[in-house]
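Student: Each chain is listed here by its residues.
There are 2 protein chains.
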Amino acid sequence: MKIAILGGTGPQGQGLALRFASAGVPVVLGSRDAQRAAEIAAELNAQLALPESLIEGQDNLGAVAAANEIVMLAVPYSAHDATLRSIKPLLGGKILVDLVVPLMEGDPKRVAMPVEGSATEAAQALLGEEIPVVGALHNVSAATLKHLEKAINCDILVCGNDLEAKNKVIELIKQLDVQAYNAGPAESARCIEAITPILIRLNISKAVPFTHAGIRIWAPGS
Amino acid sequence: MKIAILGGTGPQGQGLALRFASAGVPVVLGSRDAQRAAEIAAELNAQLALPESLIEGQDNLGAVAAANEIVMLAVPYSAHDATLRSIKPLLGGKILVDLVVPLMEGDPKRVAMPVEGSATEAAQALLGEEIPVVGALHNVSAATLKHLEKAINCDILVCGNDLEAKNKVIELIKQLDVQAYNAGPAESARCIEAITPILIRLNISKAVPFTHAGIRIWAPGS
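Chain order of the listed sequences is Y and Z. To get my numbering, take the position in the first sequence, counting from 1, and add 1127. To get my numbering, take the position in the second sequence, counting from 1, and add 1127.
Heads up, a few of these hints could be off.
A pair counts as met if it fits within one copy or between any two copies, since identical chains are not told apart.
Below, in silico cross-link-like pairs of lysine-lysine (PhoX-like), each with a Cα-Cα straight-line distance of 20 angstroms or less [what the hints assert, rightly or not]:
#1 LYS1301 with LYS1129
#2 LYS1301 with LYS1333
#3 LYS1295 with LYS1221
#4 LYS1236 with LYS1333
If you are wondering where the hints come from, they were derived from the structure by calculation, not from laboratory data.
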């Protein structure tokens, strides 16, 4: 199983590549710039120093083509729709995992949701029902991902309208030693994506003693 | 400081009354039926067996009039707007704390948000800017509240457009020995209210080993 991470040269993409490769999952970073993707991949492989280099870099289309099944979209929101349109012809038989949070331009403490309700719903509308879209990994900070010596400090809420696709993504994410929960249909992304700016607000606030907050599902006895 | 809890005879209202009274905060339960409010108050006082009875019951208008400053609205969503309209003339100088989650009729695993975006925003629009509305305590289950021998298992996300009012509510909630965080403006209620049906979904799911899930803000080292 080889996964693609588009926007893979950004902080979150790099952090996820490190985590997945550490868990033994081969990753193709996708970028508009294939050269830059290859350079970042080489840096990340050097950082990991695994017996085998599990991270490679390609342009976005090459990365999608190289992925067996799962394509993660971790681009800035401003590139969300255009990237999806460009890769749509290559997504047949694959699952699009949407990590994008529609942060408000100029104010990352707020969302500016698309008319569809959320980025995940917008992606599903754009790709059509044939290509399952799963929303996940919105609330885990890049800094948290990059500190490989520490466990990831949050749970992952996963949503989407296709249960089989959602379960595959949940199983993949669990390889990162985190809990991942089925949080319902794509519509739940309206909530899940909007958790990120609340966490950003807490991280910025001087009232709170932490800088890379995540959320956890908690229950009596857990 | 005496607080009112409207819808106080429901499970969440009763649970909150027990917790606040245990923390030494006097509570007036409000209900459409003053007689029932008084009966429930007597039952809760008997359960607490404190030296002084801190819980009383009145009709909704009487409860609002009796509250010094903070009026909590914990009615079912179907009664949200009508209750607010009936108490509006008595809310001058007070803070309305909105706990209501617009769960979808017939499917508590989904929200059906009002056109304003959330119940909190709808309340603020209905009451006008003179009366500050603070959204809080949406995600704590009645069962969790009623088990007084156990600490509350979640953090409280608090939102609203009036910072002073929000800080007063945060201080009040912290008396329950829980963390309460400023999660931003009233708009954040679109996210916070929608967390509840996700928790309900997890509680119902057989895939998850708990029945009264809450959320926590978590960070490295916490």
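Student: Quick one: LYS1295 to LYS1221, C-alpha cut-off 20 angstroms, is that within a copy, between copies, both, or neither?
Tutor: within (11 angstroms within a copy, 50 angstroms between copies)
Student: Should LYS1301 paired with LYS1129 be assigned to within, between, both, or neither, using CA atoms and 20 angstroms as the limit?
Tutor: This pair counts as within: shortest intra-copy Cα distance 16 angstroms, inter-copy 47 angstroms.
Student: With 20 angstroms as the alpha-carbon cut-off, assign the pair LYS1301 and LYS1333 to within, between, both or neither.
Tutor: between (33 angstroms within a copy, 18 angstroms between copies)
Student: Taking 20 angstroms as the upper bound on the Cα-Cα distance, should LYS1236 and LYS1333 be classified as within, between, both, or neither?
Tutor: This pair counts as within: shortest intra-copy Cα distance 14 angstroms, inter-copy 35 angstroms.
Every hint from the earlier list agrees with this structure, and none is contradicted.
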